[in-house]
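Enquirer: What follows is the residue order along each chain.
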Amino acid sequence: MLLPILMVCLLGSGIAMFRRSPQAFLDGPSEDLPTRLLRWGVGLLSAERAEWGQAMLGELDYIDGRLRRLRFTLDCVIAALLLPPWGRAAAGVWTMIAIAVGSVGLYASVAIRYGLGVGDWVQAAILVVILNGYLLATSALLRRPGIAIPGLLGGLFVILTWLTVYGFTFYGVIGTIPTMWDRLVTVIAVPLLVGAAGALCSRDAAAGRRVARLAAISAGLGLYLYGTLAVAVLGAGGPPEDTGWTVRYIVSDRLGNRLVDLLMTTLVTATVGWAGAAATAWLRGGSPTPTRPGPFISTANPGTGEDV
Amino acid sequence: MQRNRPPSAQAIRILRAMAADPARWRYGYDLATEVHLKSGSLYPILVRLADRGLLETSWEPGVGSRPPRHLYRLTSAGREFAAASTVARVDRTVPHPRSRWSEA
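Top to bottom, those sequences are chains G and E.
All residue numbers for the first sequence refer to our numbering, where the first residue is 1 and numbers rise by one.
All residue numbers for the second sequence refer to our numbering, where the first residue is 1 and numbers rise by one.
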């Protein structure tokens, strides 16, 4: 089950990259990595800080040496991510940080309580890396105009659908084996609906896809917290009856399953949601090709007013 | 509402470097190299200083296909602030003779 889903997601990502820019996909990028990365980063700045983004991009062009350029870019991207004003996006980011920190805290408390082994602590380190990546992606998505509210609502909708399948119980998270119908609803129908709604609300395919991605990440994080809480509360108890295994093994196995669920829920929801947003935009007759990153970036030369 | 917090040590380093030759326009990367700051720290400080009216900015037109470059210089308020901050910092770091006498 896992491998076909991964293959479909990889294929979907390949198609998305080709659709974004067929020429660039075939010929390779025309700009180097630091320039592309910084162009993406400064696109996250609010409109009133757009000039500073241009300043960073302009400065990068005069820096020689690949390593120096890359270091300058990474620092500037972090600055762009953190630079205020954040507006309503800040509340969303703090919520996500609270969920991520809560999840790691719960994981650590379970690992200490049941005396889990080195492998589980390695898994905790992997979890921290994954969650950091999620938070970075979330903060980038939340700063885009018109993405935060539909994306978070979409994520909440996905979470509620899964919890309905689980019967809103901790036992359900641990022991439920979803039926084909459940899978059809949670894995296909709901993410498609979220992507389609995102594209319809924002009237833009690119924004719809961002809504789908934010919904996927927030749903993944929310369900992970719920699942880890279930393991913390139940430990090795509850169905299914895992006779013959030690308590430590069962708890470790359940924690591992939650991590796999986190990755799979996010990946599948994002991919199917992306397809829903793209299909909706196509059916509505709009261009499915997204605008280039950086809606706030003026291409005009701030000094002369000419295009650069 | 703009909060006027006291400047950080890093901000004072930038102010001092710029106050050394206040008439000169500076590039961001050169300034970062001079005060040994990462660009991720430099730009937020420059933004704050500009917001508080301590820094003025300008654009140097790009040459050929190169993009324009942002330039920075202290305003007169910035120069006064830099001087005051440096004095205040020296005042804080140098132990006051009276306090030493009182300890004796």
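In case anyone wonders, no lab produced these hints; they're calculated from the structure.
A few of these clues could be false.
Stretches of chain G that chain E covers, calculated by requiring three or more beta carbons in the stretch to come under 8 Å of a beta carbon on chain E [as the list claims (entries may be wrong)]: (1) 45 to 54; (2) 59 to 69.
Covered stretches of chain E (chain G as the covering partner; in silico rule of three or more C-beta atoms under 8 Å from a C-beta of chain G) [to be verified]: (3) 12 to 21; (4) 26 to 38.
Source: prediction; values computed, not measured.
Think of the CB as a built atom: it goes at the ideal place given N, C-alpha and C, for glycine as much as any other residue.
Enquirer: Against each hint, give a clear statement of whether it holds in the structure.
Expert: Now the hints, each set against the structure:
1. 45 to 54: Coverage by chain E holds for the segment 45 to 54 of chain G (4 residues, Cβ < 8 Å).
2. 59 to 69: holds (count 4)
3. 12 to 21: That given contact is violated, which follows from only 0 residues of the segment 12 to 21 of chain E lying within Cβ reach (below 8 Å) of chain G.
4. 26 to 38: holds (count 4)
Hint 3 alone, counting from the list given before, is not met by this structure.
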